[in-house]
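Protein chains: 2
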Amino acid sequence: MQIYGNFGSGNCLKVKYIADAIGLPFELREVRSRSGETGTPEFLKLNPAGQVPVVILDDGRPLAQSNAILRYLAQDTRFIPADRYEAAKVDEWLFWEQYSHEPSVAVARARVVYDKQAVSDLDPNLVMQGNKALDLMEQALTDRTWLVGEAMTIADIALLPYTRQAPQGGFDLSGRPALLRWITACENQLGLPAFSAEN
Amino acid sequence: MQIYGNFGSGNCLKVKYIADAIGLPFELREVRSRSGETGTPEFLKLNPAGQVPVVILDDGRPLAQSNAILRYLAQDTRFIPADRYEAAKVDEWLFWEQYSHEPSVAVARARVVYDKQAVSDLDPNLVMQGNKALDLMEQALTDRTWLVGEAMTIADIALLPYTRQAPQGGFDLSGRPALLRWITACENQLGLPAFSAEN
Numbered sequence: 001m002q003i004y005g006n007f008g009s010g011n012c013l014k015v016k017y018i019a020d021a022i023g024l025p026f027e028l029r030e031v032r033s034r035s036g037e038t039g040t041p042e043f044l045k046l047n048p049a050g051q052v053p054v055v056i057l058d059d060g061r062p063l064a065q066s067n068a069i070l071r072y073l074a075q076d077t078r079f080i081p082a083d084r085y086e087a088a089k090v091d092e093w094l095f096w097e098q099y100s101h102e103p104s105v106a107v108a109r110a111r112v113v114y115d116k117q118a119v120s121d122l123d124p125n126l127v128m129q130g131n132k133a134l135d136l137m138e139q140a141l142t143d144r145t146w147l148v149g150e151a152m153t154i155a156d157i158a159l160l161p162y163t164r165q166a167p168q169g170g171f172d173l174s175g176r177p178a179l180l181r182w183i184t185a186c187e188n189q190l191g192l193p194a195f196s197a198e199n
Numbered sequence: 001m002q003i004y005g006n007f008g009s010g011n012c013l014k015v016k017y018i019a020d021a022i023g024l025p026f027e028l029r030e031v032r033s034r035s036g037e038t039g040t041p042e043f044l045k046l047n048p049a050g051q052v053p054v055v056i057l058d059d060g061r062p063l064a065q066s067n068a069i070l071r072y073l074a075q076d077t078r079f080i081p082a083d084r085y086e087a088a089k090v091d092e093w094l095f096w097e098q099y100s101h102e103p104s105v106a107v108a109r110a111r112v113v114y115d116k117q118a119v120s121d122l123d124p125n126l127v128m129q130g131n132k133a134l135d136l137m138e139q140a141l142t143d144r145t146w147l148v149g150e151a152m153t154i155a156d157i158a159l160l161p162y163t164r165q166a167p168q169g170g171f172d173l174s175g176r177p178a179l180l181r182w183i184t185a186c187e188n189q190l191g192l193p194a195f196s197a198e199n
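So the sequence lines, in the order shown, correspond to chains E and L. Residues in the first sequence are numbered from 1 upward in steps of one, following the working numbering. Residues in the second sequence are numbered from 1 upward in steps of one, following the working numbering.
Excised from the complex, chain E in its bound form (with noise of 0.2 angstroms):
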């Protein structure tokens, strides 16, 4: 398999992710939004959204929208839950990732790491929505280990990337005891080093 990305973006990171967790090789090849590298002819063939990642299945056929890819990756692997119900809360914390939650936690961080903005200069309106988000998963994880059931599941991998990075963008996870357990314990099951916002 072809990652087309880079590790840079969250979105990118979920694919490298499960592709680790379950042992599946893969081949980088960089690209990179803010060069316009998703924007030339060749890419758009691949994602006419323009967007990474995008992986190339080994029959060729590519596929595009990390949770997307998760799902196709994770079918038949203890990331997706048997249970359908439980496998519908998956989807469920998927589709919240991308509507509630990377448009403002991922925004928030973008502005500082990549446009160079100060936190203080932030939107307040993009501040807002990305700690209604964080509070969401801080409430939700108060008494449980995982977001769906009893096991990390590819709700989390979609979650944790640009949970991780909140604090370069200025979002403050050190009175949400419960989403820094979370971290911890998505680290510990991927073999990721402690995440520190200095990186």
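Derived by calculation from the structure, the hints in this document are not laboratory data. The structure displayed is predicted, hence computed values, not measured ones. Errors might be hidden in some of the hints.
Since the list can't tell identical chains apart, any single copy or any two copies may satisfy a pair.
Claimed, not checked - Lysine-lysine pairs mimicking DSBU-like chemistry, simulated, CA-CA at most 35 angstroms apart:
id: 1; residue 1: 116; residue 2: 45
id: 2; residue 1: 116; residue 2: 16
id: 3; residue 1: 16; residue 2: 132
Using the hints provided, position chain L relative to the given structure of chain E.
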């Protein structure tokens, strides 16, 4: 099954369309975001994200996120392809819809229909994003009847409501013949009357 929501919302309409298509009876519990009814403690117990639709399954368990609901209700029906790659392409459209279509096409319409904003006063970036999304669909549908495979899937059902209502947000579909043909095909398949922007 109970649907919490209202059929002024395209996200809620998706659930009605799939339920009608597969012959699943439901009861509508009217809930409107704009009158604050999705922010009550009772509603937040069903969906902490405070969004409609939420369905209550026959065993009493809640499920939120329109596209997660579509996937759950349509499993083992003809509206999700049996082929795994085609099913993944359906997922690709579902995630694209929530990330790149709804936030512009539906939001522009809401500004006009509910907030009574003039089309000419809409945020140009919102309009540009909406046109980009509609152009992508037009391109995808130019040489095919359905978004994925040879029959209607939940990808079509997810994209239909807000695309069909797009003219209410000032989007001109007249230069997008493939999109108009697809809307008619969907309406025929679902037994809906032809849509008029004045409805």
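Practice task
Output the numbers, in ascending order, of every earlier hint that fails for this structure.
Solution key: none
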